[in-house]
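Please put together the full structure from these sequences, using the hints given.
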Amino acid sequence: MVSLSNHELTAVAGVRELTFGEAVKEAIAEEMRRDDRVVLFGEDVAEAGTAFKVLAGLVQEFGPQRIIDTPISEAGFTGLGVGAAMTGMRPIVDIMFGDFLTLVMDQLANQAAKIHYMSGGKWKVPLVVRATLGATRRSAAQHSQSLHAWPSHIPGLKVVVPSTPYDAKGLMKTAIRDDNPVVLFEDKMQYKLKGPVPSEEYTIPLGVADVKREGRDITLVATSSMVQVALGAATLLEEIGVSAEVVDPRTTWPLDEQTIVESVKKTSRAIVMDEGYGRYGVAAELAAVIAQGAFYNLDAPVTRMGAMHVPIPFSPPLEDATLPTERAVFETARKLCGR
Amino acid sequence: MTDRLLHMYRQMLAIRLFEERVNDLYTRALMPGLAHLYIGEEAVAAGVCEALRRDDYITSTHRGHGHCLAKGALPDLMFAELLGKKAGYCKGKGGSMHIADPDTGNLGANAIVGGSAALAAGAAFSSKYLKLDRVVACFFGEGALGQGVLYESMNLAQLWTLPIIYVCENNQYNEYTHFSETTAGEIAARPAAFGLAVASVDGQDVRAVYDTTAPLVERARKGDGPAFLLCDTYRFRGHHVGDISRDYYRAKHEEQRWTSERDPLAILSAHLVEQQAADRAALDRMAAELTAQMDAAMQWAIDAPYPSPDEVTEDVYA
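Here the protein sequences line up with chains A and B, keeping their order.
Residue numbers 2 to 340, in this note's numbering, belong to the letters of the first sequence in order.
Residue numbers 71 to 388, in this note's numbering, belong to the letters of the second sequence in order.
These aren't lab readings, by the way, just hints derived from the structure by calculation.
Do not take every clue at face value.
[To be verified] Examples of chain B residues lying across from chain A (beta carbon under 7 Å, computed): (1) Ile182; (2) Ala193; (3) Phe195; (4) Leu226; (5) Ala259.
[Unchecked claim] Lysine-lysine pairs mimicking BS3-like chemistry, simulated, CA-CA at most 25 Å apart: (6) Lys123/A to Lys322/B; (7) Lys201/B to Lys125/A; (8) Lys123/A to Lys201/B; (9) Lys123/A to Lys156/B; (10) Lys266/A to Lys336/A; (11) Lys198/B to Lys125/A; (12) Lys125/A to Lys156/B; (13) Lys155/B to Lys125/A.
[Stated by the list, open to error] Restraint-style ranges between C-beta atoms, simulated for each label pair: (14) Ala351/B to Asp180/A: 52 to 60 Å; (15) Glu256/B to Thr326/A: 56 to 64 Å; (16) Glu215/A to Pro102/B: 52 to 60 Å; (17) Glu256/B to Ala142/A: 33 to 41 Å; (18) Tyr281/A to Met356/B: 56 to 64 Å; (19) Asp180/A to Pro102/B: 29 to 37 Å; (20) Thr236/A to Ala263/B: 53 to 61 Å; (21) Pro255/A to Asp125/B: 29 to 37 Å; (22) Ala340/B to Gly122/A: 42 to 50 Å; (23) Thr103/A to Lys292/B: 37 to 45 Å; (24) Ile314/B to Pro206/A: 53 to 61 Å.
Note that beta-carbon positions come from the ideal geometry of N, C-alpha and C, so glycine has one too.
Below, the structure is given as structure tokens:
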């Protein structure tokens with residue numbers, strides 16, 4: 002087992018370039034080889050390999066008994082996954098678009114999340130729900146949302162938001178082995194994003210943030226899709242002499258508060274970035290963690306940047322306007338740093 | 071067969087005595103919250119569970135004490151849970167509506183109407199995939215017929231030939247509304263449309279419930295797929311223990327007719343006596359013995375300690 006942060010990876014032997022989608026598939030395939038109890042349910046997951054083709058080939062290796070096409074019946078097959086998880090299986094449930102989580106919220110929030118607690122610890126629910134997030138695919142308001150704040154709000158669930166192929170693979174493997182219900186969000190716009198992934202097996206624990214770039218002047222706390230935006234903004238900031246640190250929590254629950262707070266204590270400024278709606282969301286929680294943990298070290302107000310508080314529109318210029326861009330983050334950071 | 075009938079009588083009587091004490095705990099203000107009594111519906115739980123093995127699964131409802139007891143739950147641990155005591159089935163964290171017990175295959179009572187329909191199909195999936203040879207009985211009231219996830223579950227169960235019996239307890243009332251005001255068409259036609267085996271039975275006659283359930287369970291266990299058992303029954307008491315003024319939604323004479331003519335305990339005891347399978351004195355002795363057991367179980371739970379407040383954060387995650 003190796004455990005490395007992303008930026009240390011390129012120096013390691015046996016590291017290949019995989020896309021985010023390939024990394025997800027490799028994680029699932031490895032865990033299915035390791036444990037017969039792992040099965041995957043979802044719409045068009047078998048021969049079609051999912052709508053995004055991410056799981057193409059798995060049904061050929063594992064057969065239709067384990068890569069299982071379902072009816073368009075999200076509540077039904079998610080609840081079925083919960084019951085199967087309680088009784089000896091380790092199911093992965095595939096929710097094609099994260100927007101469809103609205104259809105499974107009872108199974109997730111009232112059932113999966115609470116069964117262990119309500120039963121006094123007697124039943125366990127080792128379930129993984131895969132879902133997607135992310136806008137700018139020109140898919141309009143019901144296929145573009147980033148709803149990871151919803152499960153993050155519910156005690157009993159764990160929520161994973163990987164931003165790189167390396168993280169996606171290591172966190173997915175850990176999620177599958179976890180004895181709790183875990184919701185893992187994949188940014189559908191990043192399935193083709195390439196990054197280094199070791200060929201040697203590894204896992205990444207849940208609840209450990211990763212510093213994606215070190216810096217001195219401002220901390221950009223960014224999740225999932227926003228990590229690439231933050232890294233782009235950090236490059237722009239470097240050109241004007243501002244050194245930005247990029248911290249990726251990697252999981253919204255459990256949340257590595259310590260790494261976030263320590264970074265802000267060092268830099269004294271913070272922008273929190275998350276593709277969920279900016280208000281009442283993950284960004285708000287991250288901002289509160291910083292406000293409570295690093296208030297006396299702050300030289301500027303904590304600023305949150307997320308999706309605009311509107312339904313995601315279809316028309317490209319409208320949709321693009323809803324998300325934080327590298328340029329907007331750059332401008333905000335510049336002002337916070339007094340440049 | 072006589073042994074089976076006496077066992078089912080004993081199970082029904084245990085449920086009745088348990089529920090009477092739950093009501094008593096409520097009226098004496100010893101029980102936190104409310105409870106939904108199963109009195110009048112005992113033949114459904116007793117008859118269905120008689121056809122199950124101990125390692126078969128059940129899912130239950132907010133009106134679930136009867137299902138849990140019939141599947142083998144212990145009254146003392148049930149009382150303790152209802153009173154929020156640490157010794158309860160769920161360490162006091164679940165209460166009346168969430169009794170769960172892996173030892174008796176009880177996946178848990180569920181306080182969302184229809185909430186366990188898909189979970190039950192999942193347990194049936196496991197049984198088939200892992201070749202456990204277990205059958206799942208998914209109990210729900212007719213109120214759940216309005217919930218979409220029930221139909222998603224039945225569709226999946228039939229498509230994948232899962233070993234599950236959907237047990238619909240039509241106690242006539244969705245909370246405070248007669249089911250005829252909420253249910254279009256024929257109930258039995260709904261599962262039939264998915265291709266499930268469908269049977270309807272007098273839910274006050276435990277012999278009929280058992281005789282109808284047993285072949286459906288064996289059929290499911292053999293791999294021949296799911297079934298839907300529609301049980302016509304009646305909630306003798308209110309929606310919950312506090313629902314005592316019911317005139318606005320159902321007439322007293324209707325309740326009196328069911329309680330005087332359709333009591334499942336009276337129906338079975340009359341049969342046992344008539345068939346000379348038991349005499350009144352023997353049934354009275356059984357009642358006295360069970361009453362003493364229930365009283366002792368209740369008192370044990372009353373005397374049991376509450377959990378410590380610092381246990382509140384335990385069991386959130388496994």
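Here's how the hints hold up against the structure:
1. Ile182: holds, 5 Å
2. Ala193: holds, 5 Å
3. Phe195: holds, 5 Å
4. Leu226: holds, 5 Å
5. Ala259: It is violated, given that the least Cβ distance between alanine 259/B and chain A is near 20 Å, above 7 Å.
6. Lys123/A to Lys322/B: Given that 25 Å is the threshold and the Cα spacing comes to 42 Å, the pair is violated.
7. Lys201/B to Lys125/A: holds, 20 Å
8. Lys123/A to Lys201/B: holds, 23 Å
9. Lys123/A to Lys156/B: holds, 14 Å
10. Lys266/A to Lys336/A: Given that 25 Å is the threshold and the Cα spacing comes to 19 Å, the pair holds.
11. Lys198/B to Lys125/A: holds, 19 Å
12. Lys125/A to Lys156/B: With a Cα-Cα distance of about 19 Å, the restraint between lysine 125/A and lysine 156/B holds, given a limit of 25 Å.
13. Lys155/B to Lys125/A: Within the cut-off at roughly 22 Å; holds.
14. Ala351/B to Asp180/A: 52 to 60 Å: holds, 53 Å
15. Glu256/B to Thr326/A: 56 to 64 Å: holds, 58 Å
16. Glu215/A to Pro102/B: 52 to 60 Å: The hinted range 52 to 60 Å holds for glutamate 215/A and proline 102/B, with Cβ atoms some 53 Å apart.
17. Glu256/B to Ala142/A: 33 to 41 Å: holds, 39 Å
18. Tyr281/A to Met356/B: 56 to 64 Å: Given a distance of about 59 Å, which is inside 56 to 64 Å, the answer is holds.
19. Asp180/A to Pro102/B: 29 to 37 Å: Between aspartate 180/A and proline 102/B, where Cβ atoms are some 30 Å apart, the hint holds.
20. Thr236/A to Ala263/B: 53 to 61 Å: holds, 60 Å
21. Pro255/A to Asp125/B: 29 to 37 Å: The hint (29 to 37 Å, Cβ to Cβ) holds, given that proline 255/A and aspartate 125/B are roughly 35 Å apart.
22. Ala340/B to Gly122/A: 42 to 50 Å: The hint (42 to 50 Å, Cβ to Cβ) holds, given that alanine 340/B and glycine 122/A are roughly 45 Å apart.
23. Thr103/A to Lys292/B: 37 to 45 Å: holds, 39 Å
24. Ile314/B to Pro206/A: 53 to 61 Å: Once the Cβ atoms are compared, 54 Å apart, the range 53 to 61 Å for proline 206/A and isoleucine 314/B holds.
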